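Novice: With chain A held as given, fit chain B onto it using these hints.
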Amino acid sequence: MGSQGGFYQSKEFLDLVKSIGEARSKAEEDRIVLNEIETLKRRISEPDIPKRKMKEYIIRLVYVEMLGHDASFGYIHAVKMTHDDSLLVKRTGYLAVTLFLNEDHDLIILIVNTIQKDLKSDNFLVVCAALNAVSKLINEETIPAVLPQVVELLAHPKEAVRKKAIMALHRFYQKSPSSVSHLVSNFRKRLCDNDPGVMGATLCPLFDLITRDVNSYKDLVISFVSILKQVVERRVPKAYDYHQMPAPFIQIKLLKILALLGSGDKQSSAKMYTVVGDIFRKCDSSSNIGNAILYECICCVSSIYPNPKLLESAADVISRFLKSDSHNLKYMGVDALGRLIKISPEIAEQHQLAVIDCLEDPDDTLKRKTFELLYKMTKSTNVEVIVDRMIDYMISINDNHYKTEIASRCVELAEQFAPSNRWFIQTMNKVFEHAGDLVNIKVAHNLMRLIAEGFGEDDDTADSQLRSSAVESYLCILGEPKLPSVFLQVICWVLGEYGTTDGKFSASYIIGKLCDVAEAYSNDETVKAYAVTALMKIHTFEIAAGRKVDMLPECQSLMEELLASHSTDLQQRAYELQAVIGLDAHAVACIMPSDASCEDIEVDKGLSFLNGYIQESIEKGAQPYIPESERSGMLNISNFRSQDHHEASSHGLRFEAYELPKPIVQSKIPPASLASTELVPVPEKMYPRESYQTTVPSVSSDAGPSELKLRLDGVQMKWGRPTFSPATSTSNSTISQKTVNGITQVDGASTANSRTRETYDSRKPQVEISPEKKKLAASLFGGSSKTEKRAATGHKISKSSSHMVEKSHVPKSSMEVASEKTPPVQQPLDLLDLGEPTVTSTVPSVDPFKQLEGLVDTTQVASAVNHGLTAAAKSPDIMALYSETPADGDLLSGVLNPSMTNMPGGTTTRQSMPRSKGPNPKDSLEKDALVRQMGVTPASQNPNLFKDLLG
Amino acid sequence: MIKAVMVMNTQGKPRLAKFYEYLPVEKQQELIRRVFAVLCGRAENVSNFIEAESIFGPDSRLVYKHFATLYFVFVFDSSENELAVLDLIQVFVETLDKCFKNVCELDIVFNYSKIHTILDEIIFGGQVLETSSAEVMKAVEEISKLEAASNAITLIPKSASGWRSR
Chain A
1 MGSQGGFYQS
11 KEFLDLVKSI
21 GEARSKAEED
31 RIVLNEIETL
41 KRRISEPDIP
51 KRKMKEYIIR
61 LVYVEMLGHD
71 ASFGYIHAVK
81 MTHDDSLLVK
91 RTGYLAVTLF
101 LNEDHDLIIL
111 IVNTIQKDLK
121 SDNFLVVCAA
131 LNAVSKLINE
141 ETIPAVLPQV
151 VELLAHPKEA
161 VRKKAIMALH
171 RFYQKSPSSV
181 SHLVSNFRKR
191 LCDNDPGVMG
201 ATLCPLFDLI
211 TRDVNSYKDL
221 VISFVSILKQ
231 VVERRVPKAY
241 DYHQMPAPFI
251 QIKLLKILAL
261 LGSGDKQSSA
271 KMYTVVGDIF
281 RKCDSSSNIG
291 NAILYECICC
301 VSSIYPNPKL
311 LESAADVISR
321 FLKSDSHNLK
331 YMGVDALGRL
341 IKISPEIAEQ
351 HQLAVIDCLE
361 DPDDTLKRKT
371 FELLYKMTKS
381 TNVEVIVDRM
391 IDYMISINDN
401 HYKTEIASRC
411 VELAEQFAPS
421 NRWFIQTMNK
431 VFEHAGDLVN
441 IKVAHNLMRL
451 IAEGFGEDDD
461 TADSQLRSSA
471 VESYLCILGE
481 PKLPSVFLQV
491 ICWVLGEYGT
501 TDGKFSASYI
511 IGKLCDVAEA
521 YSNDETVKAY
531 AVTALMKIHT
541 FEIAAGRKVD
551 MLPECQSLME
561 ELLASHSTDL
571 QQRAYELQAV
581 IGLDAHAVAC
591 IMPSDASCED
601 IEVDKGLSFL
611 NGYIQESIEK
621 GAQPYIPESE
631 RSGMLNISNF
641 RSQDHHEASS
651 HGLRFEAYEL
661 PKPIVQSKIP
671 PASLASTELV
681 PVPEKMYPRE
691 SYQTTVPSVS
701 SDAGPSELKL
711 RLDGVQMKWG
721 RPTFSPATST
731 SNSTISQKTV
741 NGITQVDGAS
751 TANSRTRETY
761 DSRKPQVEIS
771 PEKKKLAASL
781 FGGSSKTEKR
791 AATGHKISKS
801 SSHMVEKSHV
811 PKSSMEVASE
821 KTPPVQQPLD
831 LLDLGEPTVT
841 STVPSVDPFK
851 QLEGLVDTTQ
861 VASAVNHGLT
871 AAAKSPDIMA
881 LYSETPADGD
891 LLSGVLNPSM
901 TNMPGGTTTR
911 QSMPRSKGPN
921 PKDSLEKDAL
931 VRQMGVTPAS
941 QNPNLFKDLL
951 G
Chain B
1 MIKAVMVMNT
11 QGKPRLAKFY
21 EYLPVEKQQE
31 LIRRVFAVLC
41 GRAENVSNFI
51 EAESIFGPDS
61 RLVYKHFATL
71 YFVFVFDSSE
81 NELAVLDLIQ
91 VFVETLDKCF
101 KNVCELDIVF
111 NYSKIHTILD
121 EIIFGGQVLE
131 TSSAEVMKAV
141 EEISKLEAAS
151 NAITLIPKSA
161 SGWRSR
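Here the protein sequences come in this chain order: A and B. Residue 951, in full-length UniProt numbering, is where the first sequence stops; the numbers in between run on with no holes. Residue 166, in full-length UniProt numbering, is where the second sequence stops; the numbers in between run on with no holes.
I should point out that these hints are in silico values taken from the structure, not numbers from a laboratory. Watch out, some of these pointers could steer you wrong.
To be verified - Across the chosen pairs, the derived CB separations fall in these ranges:
id	chain 1	residue 1	chain 2	residue 2	range
1	A	N440	B	E44	49 to 55 angstroms
2	B	A68	A	E233	22 to 28 angstroms
3	B	E53	A	K158	35 to 41 angstroms
4	A	E628	B	Y22	40 to 46 angstroms
5	B	E141	A	D70	32 to 38 angstroms
6	A	Y509	B	R33	27 to 33 angstroms
7	A	L183	B	E44	47 to 53 angstroms
8	B	R33	A	E360	54 to 60 angstroms
9	A	E233	B	E44	36 to 42 angstroms
10	A	C192	B	Y22	56 to 62 angstroms
11	A	N35	B	R33	18 to 24 angstroms
12	A	P237	B	A68	31 to 37 angstroms
13	B	E141	A	P237	47 to 53 angstroms
Stated by the list, open to error - Computed list of lysine-lysine pairs in BS3-like fashion (alpha-carbon distance at most 30 angstroms, straight line):
id	chain 1	residue 1	chain 2	residue 2
14	A	K238	B	K27
15	B	K27	A	K18
16	A	K773	A	K379
17	A	K403	A	K342
18	A	K120	A	K41
19	B	K138	A	K229
20	B	K145	A	K51
21	A	K80	A	K120
The structure displayed is predicted, hence computed values, not measured ones. Think of the CB as a built atom: it goes at the ideal place given N, C-alpha and C, for glycine as much as any other residue.
Next up, chain A with everything else stripped away, as it sits in the complex (with noise of 0.2 angstroms):
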């Protein structure tokens, strides 16, 4: 019997597969399959083996392969079976080589000759069996060598081979589109061929086509509406039926090509309107390819010109599928709606049970569907639900590319969508506790850098509360065992900038915290370099403050161990603490401002406050530096300058480094200065130090006109500063307007939903629905009355709400032209949605960062945030109107080298540096990000520096 063997397989071959069946372990599997490699490799290479013998050896071979063993050793084997006359033979060698092989493998320069002859052959199983080699193993270099017989055989009379031929032509095309490119006109002539098998393989690759260019193809739309309309009135053969359904394939490819070529045409939309609309009709939706079709139906409606007769029937299939029982067809329900509520909103108020089945479901699959789905219709409204729901489900979830996945997408719908600051901070370190290291760098960035620039509202008791709220719930969290590494480097962060700011926490213990931190996590050194960072801040604000501070015991030994540290940076931030407490409180005041990191910093890279120090050496006989660039010739210049030395210098030899030194810079900006600044409206508590306030250019740059390049995705950001700027009203009113419109529809929305849901639910009487459920889905959707007072005062505790609640009665009339039917009742809750705009229509807030990233790489941005947003400068005219001021933001060198002023305007020494920051944003940014490689916080330049001009 097993000497029958199957489709000719010996009994060899069946003791192998009932062996490795039977095997117990894998190691036992290895050896079993290593035993028949072996025999393998000996038989393989006997000389006069029978070509039916030979026929299974190889199939051994892949089967082999199969289970993961090298089979290398006989792929030239199965090389020479494509050379051979047999068919058997040949198919198998092809075969073989085909799932051996790669395009790009050694051997195939021998095949290539061989698929050359096959595709000549008369024999159509040995062309097909050529052509489909070619699919695999051609790659860019070797397809002119088969590309011409391809082309002959679009023409062959077999429809299998034209079918294949174009395929393979379509695959090289998918592998290099210029060697085919001359080819393309072939796939639109084949989409008449006779035979609808060949037509439908043409539409793989004029799907393809349509992709990468939709406008050279809209003159197929005409053909591809009557060969869709063809299909669908059954006039292709019988034999292409699927279930009754005609040639669905064909259907579903078409409807795929016509969602590309009528997305944004309305003329190419108008004329598919009917067969689309034919087809909702028609099809069977109790089959599964029937409930394929009609999904492919929806995917087109929901990208075309929108026909509102073809919404309903696609709301009415949405509905059929959320309700059906099958987990494939709510999968596919859940999807579908997620590309139609983008035309049509208000269909997700009619499901919302539904949805929240499918959140519920066991199934992942479908779960994570529909996370997807809340995810594209969450707004202010139901974010705090949505946003719950979606930590929940990560917290209980261990793959870790989708907890990624979903974490970003939280801090992103909080960053948009969050009703107060203190539910903002909850939920990121909700995020950060419990994806922590598997969220972006950035996004600590980000979260830092919003503690420390406030959220932009005029009150800076807010800001200053966000602050202690978050310190609070840092030292808390810091009690946890095993934080992850970004999240520590967060609270460090904070706690070094804001840990002593409100005097609830004495220095001596934020200290203890932070030493405890380095000390707990001492294998991550960058988690310990911005806590030993974070020491020297609190240090140096006690001792600005005027307040005595011993270094705590643990303190100083954890110094002692990163003095020796091997790691340089930690120890250069462990000297850098040293030196700087040594200092008195009016240096450290200057090295490290309290509160001062959303500010700006520039570094005074010509070092001109070292041009007294040098003139002086100077005079004294020293000889002028030389830059490397102008060293060769350098024997020369020594000859020459020794005749005269002040001769020289003014004899054209120009060193770059000595320029003129531009008009002397302030040491402290007196504040009328600020009058010029006007455009910056910084509350003044929030920089008790007036001598930094001029350098906060990060405000303005969202007021300049470079906001206009922004991507607002028409939602409004809620977090990032506010303009005050008058100058973007006009830029403003597009926003507000949409958002209007945003009113109707949302208005619209609920209105339909209170007469669906009723509907809804009469049509299922007996189905009990929990309270809360219920509750769920108003919160989700902003669902019915009953759940309003919930949404108003469960979910929208904070006080700028609140505010708007009680704004939004005030333009109620021109709320009720927007939407005029709207029963008064709801209008509470929508409104608390529609209020925004009317309150913040002067925020199309902007996120001062994103537009940095557009400019500076990421990495740069990156350390950017380290010291808070810096930023300056976007805005060209800003910067013209900054660079007037004296202060020039070089407020360090300044105040470190008051002398500097009364420096002479020396002769030989220049700035080198073209002082004033320029018009253009790409040069101020660049020199921004040079600074910071230059130092990674504004007050750890190096101290041994100061000390030394300090005395």
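Specialist: Just chain B now, kept in the frame of chain A:
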């Protein structure tokens, strides 16, 4: 396009693996293992779709169907429709069923090259070529006949199950 077709049994042993983009053997093995790890964790009566981006990279979907002791797994990108691929699996299995009369796992093991022939008639270079199992059968039979003629070897269909039932 379709990226891969895999058939594996409920113990995770691969029975057929075909990748339409070349992957080294080790990578193939890893993918098969990971797919199996996901599949065996899924309950009955759930959807046939799996988010596969963590395994196969962006823009990949996975549809599987469970028949007796076998999982049939198709991996593809957004240019295909999940439900349609589910039917494609159906076509494949129906064809196998017609070929072997009540197909079982052993038929697939023992008729390894024939399975490949069938699959090649359905999917060509990652694109769906033929969706009618009758057409596929016709083509496969024709091939078998010609192969038999060219080798004068008698074709003995469906003996594997005879061997099994012994």
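Novice: Could you tell me which of the numbered hints above are not met by this structure, giving the numbers in increasing order?
Specialist: 1, 2, 4, 6, 8, 10, 13, 14, 18
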